[in-house]
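Peer 1: Let's have the full structure, built from the sequences with the hints guiding it.
In the order they appear, the protein sequences are chains R and D.
Quick note on my numbering: the first sequence kicks off at 1 and runs consecutively.
Quick note on my numbering: the second sequence kicks off at 1 and runs consecutively.
These are computed hints drawn from the structure, not numbers from a lab.
Take these hints with a grain of salt, some might be off.
What the hints assert, rightly or not - Derived DEER-like restraints, expressed as beta-carbon distance ranges: (1) SER742(R) - GLY108(D): 21 to 31 Å; (2) VAL117(D) - GLU336(R): 44 to 54 Å; (3) VAL117(D) - SER742(R): 20 to 30 Å; (4) VAL138(D) - GLY686(R): 31 to 41 Å; (5) VAL138(D) - PRO653(R): 18 to 28 Å.
To be verified - Okay, the calculated bits of chain D under chain R, using three or more residues with CB under 8 Å as the criterion: (6) 5-15; (7) 40-54; (8) 105-112; (9) 199-206.
Just so you know, even glycine gets a beta-carbon here, dropped at the ideal spot from N, CA and C.
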Amino acid sequence: MATNSPSEEPLHRALGLTDSEFGEIVDVLGRQPNSLELALYGVMWSEHCSYKSSRIHLKRLPTEGPTVLVGPGENAGVVDAGDGIAVAIRIESHNHPSAIEPHQGAATGVGGILRDIFTMGARPLAIMDPLFFGVPDDARQRWLVEGVVGGISNYGNSVGVPTVGGELTFDRCYQTNPLVNVLCVGALPVERLVLGQASGTGNLAVLLGSSTGRDGIGGVSVLASAGFDGEDGAASLDDAKRPSVQVGDPYEEKRLIEACLALLDEGLVVGIQDLGGAGLACATSETAARGRVGMDVDVSAVPRREPGMEPWEVMTSESQERMLAIVTPESMPKVEELCARWEVRCAVVGRVTDPEYDADGEPIGQLRIRDGFDGQILADVPAASLADDAPLYNRPMAEPSQRAAILADDPTADAAGIDATAALLSLLMDPAPVYRQYDHQLFLNTVIGPGADAALLRLAGPGLPSSTKGMALSTDSNPRWCALDPRKATSATVAEGMANVAVTGATSVAVVNCLNFGNPEHPEVMWQLSESIDGMAEACTALGLPVIGGNVSLYNESGGIDIDPTPVIGTLGLLDVLVSRPPSFDWHEGESVVLLGARSAPGESHHPLAGSRLAVDVLGRRGGRLFDLDLEAHARACTLVSSLVATHAAGKPGLLGSIHDVGSGGVAVATAEMAIAGGIGASLSGLDGVAEAFCERPGRFVATTDDVEALLATATAADVPAVVLGMVGGASLVLDGLLEVSVDALSAQSTGALVKALDAAG
Amino acid sequence: MSGTVGVIVFPGTNCEHDAVEALERLGADARLVFHTETSLQGLDALVLPGGFAHGDYLRPGAIARFSPIMEAVSAFASDGGPVVGICNGFQVLCEAHLLPGALQKNRGLTFLCESAVLRVTSTRSVLTSGAELGQELVVPINHFSGSYTCDLETLRQLRDEDRIVLRYVENPNGSLDDIAGISNEAGNVVGLMPHPERASSPLLGSEDGLVLLSSLLSAAAVA
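Peer 2: In structure tokens form, the structure reads like this:
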């Protein structure tokens with residue numbers, strides 16, 4: 001590491017540490033840290049690794065439930081799915097790397113999340129990608145979209161994990177800071193569950209996979225834990241940060257997956273941990289801290305990609321496709337043999353050591369970095385101080401000053417006179433040009449793939465006990481809602497996820513979250529984060545959904561402007577019997593169209609449009625009071641829908657011809673998508689004007705049926721409001737008094753919209 | 001109903017378990033054969049499944065053709081044993097010169113994962129013997145380099161010898177003469193870009209791939 005002359009910035013600041021953090025490090029060590037030690041603290045105490053601004057708020061989330069095997073804090077959350085199968089799930093962001101180098105940024109995001117899943121002993125089975133870009137009216141956005149989608153396609157397809165869904169959102173607030181989130185789910189025989197901890201003095205820490213290079217150094221601190229400076233967006237995305245983006249190799253990862261799962265199958269590892277953010281520094285300190293032991297790391301034993309690397313570079317490199325396994329010395333020959341089969345490099349880089357004990361008898365494991373196992377000690381710090389003892393900040397919070405004005409600026413009344421047909425057409429966009437670039441079918445599990453409300457998969461995979469269960473996945477977010485009221489909006493986003501899962505017949509069992517926010521040093525952003533977490537906690541408690549994992553991505557800002565709060569909720573559902581394809585969007589001639597669910601909130605006389613796509617994207621109005629949501633009524637509607645659909649999935653005769661959640665764009669967009677999917681129109685009436693047609697409160701579903709009496713009776717018995725809107729038939733979609741448009745026109749608009757939007761940008 | 005099918009696994013192959021599952025659904029015995037093996041003893045048919053053998057480095061299939069198992073695969077093929085290459089397996093068979101021509105990047109220069117309608121245009125191959133001429137099958141494609149190409153002399157030969165076994169009804173990738181699958185002269189070696197194993201159960205939306213896999217198993221039974 002370069003030494004700093006007195007005139008230069010102190011080293012700790014260059015590494016992203018504040019003066020008071022430096023003071024704490026001196027307290028922990030009882031001496032001045034050397035430069036290598038400082039580099040370790042710099043990455044481990046970064047916002048990205050330590051969650052130092054968000055942890056005190058995250059404690060408010062409910063994390064326990066009867067099926068939860070592993071909650072937040074491990075590499076992934078795990079639930080018991082029954083039939084001897086456990087499901088592991090995790091969501092992460094790779095926002096800043098993707099802003100600078102979209103292809104590699106997105107690709108390595110996929111690679112990183114896969115390692116989090118197979119670290120738990122699970123085979124990764126599916127990926128979902130929520131993506132957020134600026135309005136695609138400039139060449140840079142097109143470059144970002146093509147790069148990100150290409151990176152996900154290239155890495156995910158090649159590594160052999162299907163991408164089964166996601167989201168695609170365009171909004172001006174992401175113009176210079178796109179969001180690239182990725183969720184991965186995997187499954188394992190329940191008895192194979194492993195945790196990322198070291199134990200057993202004398203056991204070996206074995207580095208598996210790629211050699212270590214200079215790529216991605218400081219990724220967590222330089223890139224992920226600071227905003228982009230500069231006044232104009234594009235220029236501020238400085239090329240100088242590009243070397244902090246890692247480079248991915250899906251072929252290396254594929255072999256690493258197979259080798260690690262084989263090692264776990266053979267019972268050859270004591271603990272295993274992926275190398276992600278903060279590289280070897282993170283993996284060694286976390287495994288030692290979790291196991292309450294020490295570890296000696298021989299930095300000279302780490303296989304390197306290039307000569308002349310300094311110890312701090314080796315320890316903080318974020319070179320991809322690496323894992324750290326804890327292995328007994330006796331197992332080592334078999335480990336080497338298995339790795340050779342899969343052409344995976346393996347090298348002993350560390351040894352587990354006895355902890356020392358403090359005055360209270362608590363074990364303190366030291367992480368020692370050495371030059372040769374018996375060589376010079378280059379760094380000597382308590383492992384837990386790196387992994388767990390980062391400072392916690394309760395940063396100042398303040399409600400945004402313009403909030404009252406925003407709430408007062410309600411757009412609902414202005415919508416009455418609009419051209420509803422034109423509005424509807426402008427909201428249709430089929431994301432198929434994106435998802436057809438993703439293998440979404442591998443493992444023969446995908447019963448409902450991308451483009452639907454939620455993905456529905458068989459709960460099956462190589463090495464799993466056989467089961468006829470199904471697994472549903474949805475990712476949901478709504479920055480338009482969150483800009484108005486992060487608390488209500490995040491609660492409603494959880495509800496929306498549950499509704500999407502219900503459409504597949506599954507019952508939601510757990511959620512994970514990726515909290516994408518602006519700069520936490522802005523009090524308004526901390527207020528948004530805190531409100532959002534409270535909203536999530538409220539909904540999850542009311543709906544009985546434990547939060548089993550999460551990721552916080554802060555500093556999503558550019559030129560001092562924060563993104564709108566964007567909490568993404570990943571929802572996992574389970575379906576008892578999946579032996580038949582359940583009904584989808586496509587409605588059929590002669591079926592009755594029924595709107596299920598509460599049409600308005602208690603005490604509400606109208607259908608608020610604030611935060612809807614109609615308000616924001618058509619009217620250009622970003623103010624107003626967000627709708628209220630009755631979570632109990634919502635849960636009843638979801639339960640009804642999932643039981644109606646589950647009957648079909650179990651292969652029994654059911655009442656539904658088709659079913660669709662009412663989401664973005666409201667009933668108007670939902671029915672238009674059903675008309676496109678079915679290739680046939682419908683004549684519908686009874687909606688309360690433009691407002692009810694386009695308002696977006698979750699908990700409503702459009703269902704079609706051949707037996708309308710039975711469906712209404714079933715809904716009544718379940719205490720769920722239901723109203724008949726009309727009948728499927730004809731060449732046009734007619735919403736009486738509001739709009740009439742041919743199915744051909746809907747279809748042409750929807751199919752071409754994305755390609756047109758991106759082409760126009762060129 | 002049939003013999004034992006070997007499913008070849010190169011590092012980077014990813015459709016091997018899917019191929020095994022679909023074959024077993026038809027009552028076959030299927031077992032994985034790792035690329036470092038050198039013998040195919042006891043096997044009655046071979047499938048080279050989809051994926052990214054050796055990372056598709058250099059070109060899809062270019063390194064896989066040098067894997068130790070490929071010598072045995074060539075010998076198995078020249079002895080008349082049924083061999084089917086699916087997607088990446090097709091690319092490997094072309095690189096190994098067990099089939100003529102090559103697969104180049106799709107016309108649109110993007111990866112494509114979607115349903116395709118295929119027409120059976122020859123039934124004189126181990127993969128299509130149980131299908132009817134002109135029969136339409138809904139089978140997914142999943143590839144970046146799936147656009148078949150060859151010189152005109154080879155194309156004439158493929159046509160004259162009735163070796164174009166499957167064609168796309170709507171060409172998704174710019175493939176020459178709408179070719180989705182071809183066979184060797186004897187009809188025992190077939191390559192196709194679409195994935196019949198992905199159309200192997202009503203739960204997946206199509207069972208049309210079973211017509212093809214059943215044909216292979218019939219060939220395995222008499223092999």
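Peer 1: Each of the hints needs a verdict: does it hold here or not?
Peer 2: Going through the hints against the structure:
no.	hint	in the structure
1	SER742(R) - GLY108(D): 21 to 31 Å	holds (28 Å)
2	VAL117(D) - GLU336(R): 44 to 54 Å	holds (49 Å)
3	VAL117(D) - SER742(R): 20 to 30 Å	holds (26 Å)
4	VAL138(D) - GLY686(R): 31 to 41 Å	holds (38 Å)
5	VAL138(D) - PRO653(R): 18 to 28 Å	holds (25 Å)
6	5-15	holds (count 4)
7	40-54	holds (count 3)
8	105-112	holds (count 3)
9	199-206	holds (count 6)
Of the numbered hints listed earlier, not one is contradicted by the structure.
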